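Undergrad: Spelled out from the first residue to the last, the chains are:
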Amino acid sequence: MLNDLASYSDLMEKCSHCAFCEATCPVYLADLLETQVARSRMLIVKETLLEKNLPFSKRAEEVINRCLLCSSCQQTCPVNVPVDEIVMAARYQVYKGKRLNLPKRMLLKQVMEKRGIKGLLKKADLLAKSVGISPKEIPPLPKKSFEDLYQGTYEPEGKARDHVGYFVGCATNTLYPDTGDAVMKVLQVNGIKVTIPDKIVCCGIPALAEGDIETARELMEKNVNMLAELDVNSIITDCTSCGLTLKKKLLQVIPEDDPLSEKARAVASKIVEVTDYLNQTGLTRTPNEVDQPYTYHVPCHGNWTETVNDAPRSLLSEIPGTTLKEMEEPEKCCGAGGIFFMDNKKLSQAIRAPKIKDIKETGTNMVITQCPSCRSYLNSGLDGEKQVMHPIALLARAYGFKSLNEESE
Amino acid sequence: MKGLAKDLGQLIGSHSVKDDVEDLLAYEADATHYFARGKPDAIVLPITAEDVSKVLRYASNTANLPVTPRGAGSGLSGGSTPIKGGIVLDMKRMNHILEINQGNLTARAEAGVVLANFHRAVEKLKLFYPPDPQSMTVCTLGGNVATRAGGPHGVKYGTTPTYVLGLQVVLPDGSIIKTGSTCVKHSVGYDLTHLMTGSEGTLGVITQTTLRLLPLPPMDKTIIVSCKSAESAAETVSAIIAAGMIPAMLEYLSQGAVCLMNDILNPPLETGGEAYLFIKLDGQEKQIMDESRQIESICHEMKVQEVRVIEDEKEAQSYWKARSSLYPLIMSEAHKVITEDVTVPRDRIPTYLRALSEISARLGVSIGAGGHAGDGNIHPSIMMRDDSPEQMKISQAAVREVVKAGLDLGGSISGEHGIGWHKAEFIVDELGQRQVNLMKSIKKAFDPTGIMNPGKIWVEGGSSC
Numbered sequence: 159m160l161n162d163l164a165s166y167s168d169l170m171e172k173c174s175h176c177a178f179c180e181a182t183c184p185v186y187l188a189d190l191l192e193t194q195v196a197r198s199r200m201l202i203v204k205e206t207l208l209e210k211n212l213p214f215s216k217r218a219e220e221v222i223n224r225c226l227l228c229s230s231c232q233q234t235c236p237v238n239v240p241v242d243e244i245v246m247a248a249r250y251q252v253y254k255g256k257r258l259n260l261p262k263r264m265l266l267k268q269v270m271e272k273r274g275i276k277g278l279l280k281k282a283d284l285l286a287k288s289v290g291i292s293p294k295e296i297p298p299l300p301k302k303s304f305e306d307l308y309q310g311t312y313e314p315e316g317k318a319r320d321h322v323g324y325f326v327g328c329a330t331n332t333l334y335p336d337t338g339d340a341v342m343k344v345l346q347v348n349g350i351k352v353t354i355p356d357k358i359v360c361c362g363i364p365a366l367a368e369g370d371i372e373t374a375r376e377l378m379e380k381n382v383n384m385l386a387e388l389d390v391n392s393i394i395t396d397c398t399s400c401g402l403t404l405k406k407k408l409l410q411v412i413p414e415d416d417p418l419s420e421k422a423r424a425v426a427s428k429i430v431e432v433t434d435y436l437n438q439t440g441l442t443r444t445p446n447e448v449d450q451p452y453t454y455h456v457p458c459h460g461n462w463t464e465t466v467n468d469a470p471r472s473l474l475s476e477i478p479g480t481t482l483k484e485m486e487e488p489e490k491c492c493g494a495g496g497i498f499f500m501d502n503k504k505l506s507q508a509i510r511a512p513k514i515k516d517i518k519e520t521g522t523n524m525v526i527t528q529c530p531s532c533r534s535y536l537n538s539g540l541d542g543e544k545q546v547m548h549p550i551a552l553l554a555r556a557y558g559f560k561s562l563n564e565e566s567e
Numbered sequence: 030m031k032g033l034a035k036d037l038g039q040l041i042g043s044h045s046v047k048d049d050v051e052d053l054l055a056y057e058a059d060a061t062h063y064f065a066r067g068k069p070d071a072i073v074l075p076i077t078a079e080d081v082s083k084v085l086r087y088a089s090n091t092a093n094l095p096v097t098p099r100g101a102g103s104g105l106s107g108g109s110t111p112i113k114g115g116i117v118l119d120m121k122r123m124n125h126i127l128e129i130n131q132g133n134l135t136a137r138a139e140a141g142v143v144l145a146n147f148h149r150a151v152e153k154l155k156l157f158y159p160p161d162p163q164s165m166t167v168c169t170l171g172g173n174v175a176t177r178a179g180g181p182h183g184v185k186y187g188t189t190p191t192y193v194l195g196l197q198v199v200l201p202d203g204s205i206i207k208t209g210s211t212c213v214k215h216s217v218g219y220d221l222t223h224l225m226t227g228s229e230g231t232l233g234v235i236t237q238t239t240l241r242l243l244p245l246p247p248m249d250k251t252i253i254v255s256c257k258s259a260e261s262a263a264e265t266v267s268a269i270i271a272a273g274m275i276p277a278m279l280e281y282l283s284q285g286a287v288c289l290m291n292d293i294l295n296p297p298l299e300t301g302g303e304a305y306l307f308i309k310l311d312g313q314e315k316q317i318m319d320e321s322r323q324i325e326s327i328c329h330e331m332k333v334q335e336v337r338v339i340e341d342e343k344e345a346q347s348y349w350k351a352r353s354s355l356y357p358l359i360m361s362e363a364h365k366v367i368t369e370d371v372t373v374p375r376d377r378i379p380t381y382l383r384a385l386s387e388i389s390a391r392l393g394v395s396i397g398a399g400g401h402a403g404d405g406n407i408h409p410s411i412m413m414r415d416d417s418p419e420q421m422k423i424s425q426a427a428v429r430e431v432v433k434a435g436l437d438l439g440g441s442i443s444g445e446h447g448i449g450w451h452k453a454e455f456i457v458d459e460l461g462q463r464q465v466n467l468m469k470s471i472k473k474a475f476d477p478t479g480i481m482n483p484g485k486i487w488v489e490g491g492s493s494c
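As you go down the protein sequences, you meet chains V and F in turn. Following this note's numbering, the residues of the first sequence are numbered contiguously, the last one being 567. Following this note's numbering, the residues of the second sequence are numbered contiguously, the last one being 494.
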């Protein structure tokens with residue numbers, strides 16, 4: 159249980175101290191000090207917060223705060239210790255949901271409840287200032303959000319061969335409606351009927367990252383109740399972090415003995431990432447040729463099913479003419495970590511620098527990634543030198559659709 | 030920062046020195062954390078050999094200030110555990126590959142370079158550096174040299190020492206020396222390069238390595254063999270070797286080990302056999318095809334359950350990835366695990382495996398056996414059910430017996446982990462007191478004040494210590 163750090167002690171004991179987490183922890187790799195690597199992080203959590211042999215110092219606080227929750231360590235951990243959850247639970251124990259100062263907390267709450275920052279669009283400068291970043295680092299906000307453009311149910315071209323729900327996350331809704339628009343168009347030409355559920359809120363991952371388990375639960379309850387009513391076999395998401403939250407973390411927040419458990423598990427079982435979904439169902443319309451070399455940045459939160467990480471690769475290989483130029487380390491974290499980069503500027507930039515170099519060395523001018531946070535953070539790191547987009551947006555282009563961004567130009 | 034860290038910070042810059050209690054906690058042990066720990070007084074992360082020199086000179090001139098060099102801290106013998114406190118010298122920031130010379134087939138790299146990164150860099154140029162300790166995604170070249178690390182490639186290609194041509198070493202008095210050369214042949218005086226190699230941080234600090242490379246074999250092939258019994262697997266190994274073949278890797282795995290590996294194997298292996306062999310062949314296509322056919326027919330003659338030549342590259346890789354995760358997987362299974370590193374002459378493997386089951390049955394303790402059968406390096410893993418003093422006593426008895434059984438067969442107490450702290454009590458059994466005394470005299474010549482990684486390799490006390 160994320161609101162009970164002690165419930166993770168057995169999992170923490172599983173850590174054999176093999177040090178394999180040194181291979182992937184981006185925070186450790188940025189300065190190579192072992193204090194920041196998962197095995198030490200857990201040791202410090204154990205000594206300061208569980209067994210309390212040591213006082214919870216400023217330094218210990220820094221150790222639990224300087225974690226991107228990317229779970230890269232878990233992916234390389236032979237015994238699969240859920241370090242991200244342990245850090246979330248530690249943050250819960252320490253801050254009880256009040257890690258951020260009050261203005262930031264209120265702002266984040268508003269964003270999560272309104273699935274984005276609609277209504278705050280005009281205050282973008284204020285928003286940027288309040289979280290301590292220059293407006294340059296967040297993408298220019300489009301005039302219309304996804305929900306301004308799409309609501310309700312959309313019939314496909316021809317006979318529907320499946321009916322899906324579409325969980326539209328905060329970022330797609332307000333920052334990147336072009337992704338949502340591409341998803342809608344691609345599904346429709348492939349014979350998929352789509353319902354956009356009403357009154358969806360944020361998936362809850364920013365609250366989990368704050369260790370604000372109560373708020374995460376409130377949001378999840380709302381979503382579960384809403385999504386459970388959809389009469390569909392699958393609920394797609396274009397965002398790997400929303401997917402991770404709804405598929406996996408939901409089950410940690412709403413445990414098996416919870417009254418909402420059955421509903422939550424039914425919803426979680428339907429969650430599928432959109433490129434993964436299209437790989438499984440297959441394309442009914444053949445994409446046109448696009449002469450486009452691209453590279454693929456694998457989002458950290460892609461590992462919630464075995465096929466998500468590879469799905470964009472195989473889906474885009476259906477487009478004649480595209481070539482995937484792999485980075486040396488496509489799975490290495492970009493440093494964004496949701497909104498981690500806002501409070502950890504220097505560290506995130508240090509993590510991003512080798513990623514940018516790796517991207518540039520592929521010689522391609524297009525980066526594909528499903529995660530909106532990676533997209534935005536890579537985009538600012540690349541200084542507009544290369545296009546960063548969702549895999550479905552490239553597929554939409556191959557079908558001859560203009561992107562929302564081009565339309566508005 | 031307190032006195033010591035302040036002094037060190039003034040010497041090499043405060044960004045390279047840590048002494049918060051959380052930092053000290055992080056550096057208390059290597060991967061044998063559950064068996065021995067020691068709290069250091071300061072962590073130093075040098076970026077140059079000069080930094081190391083300044084720190085060692087300072088330590089030499091300070092009473093009772095030990096220095097324990099450290100790579101990834103992934104060792105399995107407690108070698109980098111600062112059991113006497115003092116300074117931990119974390120070498121991982123010295124991580125530059127300085128030169129890869131394709132014409133001379135050599136490379137020069139700093140001690141903190143991670144082995145997998147080095148592999149990647151040389152393989153890009155179609156070159157090959159065979160040593161492959163299973164912690165290669167994190168372990169460092171310096172740590173590999175200091176412990177004579179090896180892995181599955183040992184059977185065909187030998188272990189780290191085979192590839193060390195020269196070293197840059199900082200001696201305890203702060204002087205910086207260069208041993209060996211970049212020539213493949215070298216016959217000048219005592220071989221200090223190979224004295225430093227395997228010295229486990231007790232003589233000085235390795236800051237740079239000059240390594241020999243090979244051309245990258247153009248192709249490889251993986252074969253998975255399942256056998257009815259451990260005996261049959263061990264005899265198949267002997268038969269393959271006796272037929273004059275030396276595969277690039279020849280790993281022995283028990284049924285229990287394969288069950289654990291199935292957690293991460295996709296698709297999982299059938300676990301009908303009592304023992305398994307994971308074989309990798311490398312070289313030219315024609316040679317691989319010939320050897321693969323020959324191994325298949327030997328396996329059939331030996332009446333193994335199944336031989337499978339893996340055609341799918343991804344599937345093949347998944348077996349080796351699971352193999353490299355075996356040690357931590359075992360650790361997660363039992364409460365605690367003591368992993369030994371006994372090596373026997375390879376024709377004695379069947380006898381040794383029999384001895385292990387006999388010890389296991391007699392003492393009532395579970396002993397997993399898996400390892401690099403092709404080179405005789407078996408890793409008996411003694412599984413502890415709990416922390417009780419009784420379990421500890423039985424396990425320690427088992428360790429002694431496992432080691433003794435290996436020595437009785439003309440084997441050795443360590444093939445590739447080094448002695449560190451955990452096996453120090455056995456060194457006299459293998460080498461005899463005279464040799465150990467000689468080693469102590471050598472140590473004295475290098476390190477008269479005894480600052481370098483004290484308490485390792487041999488048990489302190491005795492005639493010359």
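Because the hints were derived from the structure by calculation, they are not lab data. Be aware that one or more of the hints could be misleading.
Unchecked claim - Okay, the calculated beta carbon distance ranges per label pair:
(1) V:Lys503 <-> F:Asp319: 54 to 62 Å
(2) V:Asn563 <-> F:Gln346: 21 to 29 Å
(3) V:Glu519 <-> F:His215: 22 to 30 Å
(4) V:Lys503 <-> F:Val457: 41 to 49 Å
(5) V:Gly440 <-> F:Val50: 56 to 64 Å
(6) V:Asn563 <-> F:Lys207: 26 to 34 Å
(7) V:Ser475 <-> F:Leu245: 50 to 58 Å
(8) V:Glu484 <-> F:Leu40: 38 to 46 Å
(9) F:Lys343 <-> V:Lys503: 51 to 59 Å
(10) F:Glu79 <-> V:Lys503: 51 to 59 Å
(11) F:Arg429 <-> V:Glu209: 41 to 49 Å
(12) V:Glu387 <-> F:His125: 55 to 63 Å
Since the model is a prediction, treat every value here as computed from it, not as a measurement. Glycine residues also receive a C-beta, built at the ideal position from the N, C-alpha and C atoms.
Undergrad: At the C-beta level, are Glu484 (chain V) and Leu40 (chain F) separated by a distance inside 38 to 46 Å?
TA: holds (44 Å)
Undergrad: Evaluate the given range 55 to 63 Å for the C-beta pair formed by Glu387 (chain V) and His125 (chain F).
TA: At roughly 59 Å between Cβ atoms, His125 (chain F) and Glu387 (chain V) fall inside 55 to 63 Å, so the hint holds.
Undergrad: For the range 54 to 62 Å, tell me whether the beta carbons of Lys503 (chain V) and Asp319 (chain F) fit it or not.
TA: holds (59 Å)
Undergrad: Does the Cβ-Cβ separation between Glu79 (chain F) and Lys503 (chain V) fall within 51 to 59 Å?
TA: violated (32 Å)
Undergrad: Taking the CB of Asn563 (chain V) and the CB of Gln346 (chain F), does the distance hold inside 21 to 29 Å?
TA: Between Asn563 (chain V) and Gln346 (chain F), where Cβ atoms are some 40 Å apart, the hint is violated.
Undergrad: Is the hinted range of 41 to 49 Å satisfied by the C-beta distance from Lys503 (chain V) to Val457 (chain F)?
TA: For Val457 (chain F) against Lys503 (chain V), whose Cβ atoms are near 57 Å apart, the range 41 to 49 Å is violated.
Undergrad: With 56 to 64 Å as the target window, see if Gly440 (chain V) and Val50 (chain F) comply at their CB atoms.
TA: About 57 Å separates the Cβ atoms of Gly440 (chain V) and Val50 (chain F), which means 56 to 64 Å holds.
Undergrad: Taking 41 to 49 Å as the hint, is the beta-carbon distance of Arg429 (chain F) and Glu209 (chain V) inside that range?
TA: violated (33 Å)
Undergrad: Given a hint of 50 to 58 Å, does the C-beta separation of Ser475 (chain V) and Leu245 (chain F) actually sit inside it?
TA: violated (28 Å)
Undergrad: Is 26 to 34 Å right for how far apart the beta carbons of Asn563 (chain V) and Lys207 (chain F) are?
TA: violated (59 Å)
Undergrad: Range hint 22 to 30 Å: satisfied by the CB atoms of Glu519 (chain V) and His215 (chain F)?
TA: Violated - the Cβ-Cβ distance for Glu519 (chain V) and His215 (chain F), about 37 Å, lies outside 22 to 30 Å.
Undergrad: If I claimed the Cβ atoms of Lys343 (chain F) and Lys503 (chain V) lie 51 to 59 Å apart, would that claim hold in this structure?
TA: violated (39 Å)
The earlier numbered hints that this structure contradicts are 2, 3, 4, 6, 7, 9, 10 and 11.
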